[in-house]
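Let the hints inform the model, and build the full structure from the sequences given.
Next come the chains, spelled out residue by residue.
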Amino acid sequence: MVVARVTPGRERSLRELLETMNSKPGMADPANAVLPFGQFERLHFARLAVLDDPTVGDIEAHDVPRPSLPVYLAFIGSCDGPASECIEDLARRAGTGLRRIFMHCDGFDAQGDLVTWVQAHLRPLAANYVNWVGRTVRQVKEESALRRALAAKVPRAPLASAAQAQQLRRELIDFVDAEVSAGRLGLTPPDPTPLRWQIAKLLHLAAIPLAGLILLPALIVLSPFLICTLRTKEHSDAEICPPPDRAVLLEMQHLEDHDVSNQYTAIGSLKPGLFRRWLATVLLVLIDYTARHIFTRGFLARVQTIHFAFWAFIDDKRRLVFTSNYDGGHEAYMDDFINKVAWGLNLAFSHGVGWPRTRWLVARGARIENRFKHYQRRHQLPTQVWYKAYPGLTLADLKRNQRIRQGLEPVNVTDAQALAWLRLL
Amino acid sequence: MSAIENQGRPVELGDVQGLVRFGYKHLTEACFLLLRVSDPAAARAWLAQAPVTSAIKTDRLPETALHVAFTSEGLRALEVAPDLCAEFSAEFVAGMASDGARARRLGDVGANDPGGWKWGAGERVPHVAVLLYARAGRLAAWEQEIEAQYAGGFVRIERLSTSDTQLKEPFGFDDGISQPKVDWERERPVRDQDQLEYRNLTCLGEFLLGYPNEYGLYTPRPLLAPQRDPGGLLPRAEDAPDRADVGRNGCYLVLRQLQQDVQGFWRELDRQAGGDVDLRERLAAAMVGRKKDGEPLAVPSGESGGAATPRSKPNDFTYRDDPRGLRCPLGAHIRRTNPRNADLPPGGRGILSRLWRMLGFNAAALEQDLVASTRFHRLLRRGRKYGVDAAPARSSPGAETGIHFICLAANIKRQFEFVQSAWLVGSKFAGLTGESDPLLGHRLPDMGDFPTDGFSIPQADGPDRRLTGLPQFVTVLGGAYFFLPGISALRYLATTR
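Sequence order for the protein chains is A and B. The numbering of the first sequence is our numbering, which starts it at 253 and goes up by one. The numbering of the second sequence is our numbering, which starts it at 321 and goes up by one.
Take these hints with a grain of salt, some might be off.
Incomplete in silico selection of chain B near chain A, CB under 10 Å [claimed, not checked]: (1) S418; (2) A421; (3) W439; (4) G457; (5) R458; (6) P540; (7) M767; (8) F770; (9) D773.
List of simulated lysine to any residue pairs, SDA-like, C-alpha gap at most 25 Å [what the hints assert, rightly or not]: (10) B:K733 <-> A:K405; (11) A:K405 <-> B:T788; (12) A:K405 <-> B:A414; (13) A:K276 <-> B:A593; (14) A:K393 <-> A:A412; (15) B:K733 <-> A:W595; (16) B:K733 <-> A:K393; (17) A:K405 <-> B:L679; (18) A:K405 <-> B:G751.
Derived by calculation from the structure, the hints in this document are not laboratory data. Glycine included, every Cβ here is placed at the ideal spot set by N, Cα and C.
Next up, the structure:
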């Protein structure tokens with residue numbers, strides 16, 4: 253996530269420029285003249301959002317004066333490979349457009365080195381979730397084409413015998429091989445994971461539990477105090493959940509439901525004080541840990557509809573930004589969250605000013621349906637430009653297409669396996 | 321919270337409009353009058369004493385029934401206080417045809433676009449709906465009587481006639497079988513707890529405002545300081561005893577005129593079946609999820625042996641033993657509208673097993689978890705058929721027929737709009753792709769030019785059978801969101817400014 257302060261007085265011109273990048277409200281034209289996202293074969297999702305937080309004043313409920321915080325521009329991309337390579341690639345092939353955008357930000361030097369400036373404005377993520385670690389854009393597109401070709405080819409009459417499934421599968425594999433040879437389908441083998449990444453992942457895997465172990469004695473000693481503090485705060489922290497402003501809500505809805513997936517960008521202030529600051533930090537470290545080592549294969553607990561999501565602190569941890577790319581409509585997304593992982597929402601977000609009252613950190617909170625729904629919409633910001641590399645496809649599609657491809661590989665399968673594979677088509 | 325104490329407080333049936341409790345099968349004639357206010361004072365005077373039917377059961381079935389509901393435009397036209405109007409739900413305040421974003425969500429695009437509606441958009445948004453029901457032969461007189469009463473205050477913009485109630489909807493299928501069982505006795509405990517089984521008994525608060533819903537919460541609705549109800553007309557709110565509850569015993573009513581192309585439907589099925597009559601019927605049943613006589617394709621709950629659900633219990637089943645849709649396709653109309661699943665995907669009842677599923681580690685359970693928690697998305701249907709007879713042979717070309725779809729809910733967004741958008745219009749329901757509801761779909765392609773006009777029928781012995789190129793069978797001709805108030809709230813709205 254690149255975050256840069258918008259120069260006062262230039263916000264309007266920035267918004268106008270962003271508007272020119274879209275073909276539908278909020279939906280980037282993949283070939284737009286400013287940042288032709290579609291040319292970047294490793295870019296899954298991207299967005300540009302003006303972070304102008306209307307809820308900054310909520311913190312007055314904690315007897316903290318309303319801070320004066322700047323308006324930011326956030327530029328967010330989810331890409332295959334390291335962020336630095338992605339930025340260099342963007343700067344190389346769309347430098348002019350990037351400059352046109354960042355010209356609206358403080359301290360941008362039109363003559364200076366673009367990559368250096370962008371890198372300097374790159375913010376670390378507090379927690380990062382990727383639906384399927386290692387699945388590349390190319391793979392998604394190739395596998396989608398594969399499914400389309402096979403679905404059109406497979407005969408749909410019931411099979412005469414179980415053995416026929418085997419034969420049919422072999423025929424289809426031959427068909428795929430021929431299509432690949434003819435250049436009509438591509439099935440590029442995945443790049444090996446760089447050794448550096450594997451080592452970093454292993455170190456991270458061990459480091460966090462180790463740190464936990466070291467802190468454990470202190471935590472045990474402090475636990476009565478911490479629990480007492482938590483419960484006191486849970487009783488006294490203000491709930492601020494009025495209905496969102498109707499005009500603002502409508503503005504956001506105009507950006508939604510053009511595709512089978514949607515975007516969500518939200519911002520909020522952390523409750524003041526070290527307790528919440530540290531608790532939020534620790535919990536996001538843990539969320540990041542599970543996202544990196546456990547929830548890497550298509551699900552975040554029971555939620556299977558998030559492509560990419562992250563949390564990032566800004567303004568010296570006074571505020572938190574959350575963004576996600578999800579399948580389905582907004583209402584379904586929120587209902588899914590309430591009904592499946594309200595406990596997780598509470599862990600991740602209850603440190604925000606005004607969150608519906610939790611009990612023991614996981615209970616209530618987001619389960620208080622209307623307050624939660626008001627809260628999340630009120631903290632949402634319009635995403636001015638949003639790009640998805642594979643419109644029309646959901647994670648359920650991606651997973652099925654992946655299984656179709658995997659099913660091409662084994663030489664010997666049972667009749668039942670062959671049939672199960674055919675039924676994916 | 322005094323919720324537990326209120327557990328036993330019985331429902332004020334005399335204050336609830338009877339439509340919430342009854343479908344009036346014996347009142348075979350009905351018509352829905354859509355009115356606009358021409359003289360607010362006269363309109364209010366009629367509403368203040370309109371003979372609205374309550375939900376109290378009488379020894380003799382009533383000869384007639386009358387119900388009254390308002391749109392938000394209607395409330396404004398009747399000069400109800402703006403701050404009170406604004407406290408209703410956002411969907412109701414905005415209205416069904418409010419904007420393009422809602423139209424996209426509801427599938428009101430293409431041929432369904434509100435711009436082409438007969439009523440419900442622009443100047444043709446009704447203010448009030450008067451729903452009239454009568455025994456055979458009695459409607460004309462009843463309608464005349466009521467029209468004479470309200471004539472000074474309203475002009476009629478549309479009269480939605482209905483056919484004699486028969487069970488079958490115009491395509492020829494038994495309809496109205498699946499209904500939630502409303503918890504009138506308030507048996508369901510007021511608490512927020514995961515339900516491990518699908519149950520039909522649904523909290524009263526899902527259908528009536530002022531009572532706890534499935535989350536154990538009271539859905540927001542207009543609550544007033546008592547001094548704004550000097551006559552003490554309104555009941556007090558259970559969750560805020562010092563406030564007068566405008567919503568209590570009322571609910572939202574969604575009305576949509578759905579025109580059905582009966583000839584087109586059967587012509588298309590003939591085409592798909594290549595003229596094979598038996599196959600045609602099977603394909604149609606697969607699209608609906610029931611045979612014409614209402615027998616569900618799914619197996620009854622608790623029996624996986626393959627026995628059909630007995631005719632006497634056509635609503636007593638789930639899809640638990642049919643996760644792949646081999647008996648009832650995943651995308652069948654009745655499976656989309658009511659997936660009949662619990663809060664957690666199937667599995668053991670032990671704490672560890674539940675925790676494992678909660679964290680998503682049970683792969684088999686996850687496969688079935690794309691759609692969950694049906695209990696938050698139930699609709700109480702009260703629609704009626706209109707137009708000519710259902711049998712395709714007997715309907716003349718061009719004759720208009722369909723359903724005046726009505727559903728009642730406490731939360732339009734979480735109930736009607738959710739079901740309509742995520743489950744019916746959505747082309748990715750339960751992991752499917754390339755298909756929306758086989759009956760209601762608008763068939764316009766998704767972004768990326770992915771079609772939505774297919775329908776897949778899983779087969780045990782081969783790849784899915786797949787119908788492609790389905791045309792649109794159902795077209796939306798009108799629609800609006802109404803508030804069906806409790807009777808005392810109706811009097812309050814009519815008399816107080």
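Checked hints:
1. The beta carbon of S418 (chain B) comes within 8 Å of a beta carbon in chain A, closer than 10 Å, and the hint placing it at the interface holds.
2. Interface restraint check for A421 (chain B): the shortest CB-CB distance to chain A comes to about 4 Å, inside 10 Å, so the restraint holds.
3. Hint status for W439 (chain B): violated, given a least beta-carbon distance of 23 Å to chain A, over 10 Å.
4. At about 45 Å, the closest approach between the beta carbon of G457 (chain B) and any beta carbon in chain A exceeds 10 Å, and the interface hint on this residue is violated.
5. Nearest Cβ of chain A to the Cβ of R458 (chain B): about 42 Å, over the 10 Å cut. The hint is violated.
6. Interface hint at P540 (chain B): satisfied, since its Cβ lies 6 Å from the closest Cβ of chain A, which is below the 10 Å cut-off.
7. For M767 (chain B), the interface hint holds, since its Cβ comes within 10 Å of a Cβ in chain A; the closest pair sits about 4 Å apart.
8. Hint status for F770 (chain B): holds, given a least beta-carbon distance of 4 Å to chain A, under 10 Å.
9. Violation of the interface hint for D773 (chain B) is found here, the shortest Cβ-Cβ separation to chain A being roughly 14 Å, above the 10 Å cut-off.
10. Between the alpha carbons of K733 (chain B) and K405 (chain A) the distance comes to roughly 41 Å, so the proposed pair goes past 25 Å and is violated.
11. Only pairs whose Cα atoms come within 25 Å are accepted, and K405 (chain A) paired with T788 (chain B) is accepted, the gap being roughly 14 Å.
12. For the suggested pair K405 (chain A) and A414 (chain B), the alpha carbons sit about 47 Å apart, so the restraint of at most 25 Å is broken.
13. Among the hinted pairs, K276 (chain A) with A593 (chain B) is inconsistent with the structure: their alpha-carbon atoms are about 40 Å apart, more than 25 Å.
14. Pair hint K393 (chain A) plus A412 (chain A) does not hold up; C-alpha atoms about 34 Å apart against a cutoff of 25 Å.
15. Distance check on the hinted pair: K733 (chain B) and W595 (chain A) sit about 23 Å apart at the alpha-carbon level, within 25 Å; holds.
16. A threshold of 25 Å between alpha carbons decides the hint, and for K733 (chain B) with K393 (chain A) the separation of about 35 Å lies outside it, so the pair is violated.
17. With a C-alpha separation of about 38 Å, the suggested pair K405 (chain A) and L679 (chain B) falls outside the 25 Å cut-off, and the hint is violated.
18. Between K405 (chain A) and G751 (chain B) the alpha-carbon distance is near 21 Å, which keeps this suggested pair within the 25 Å criterion.
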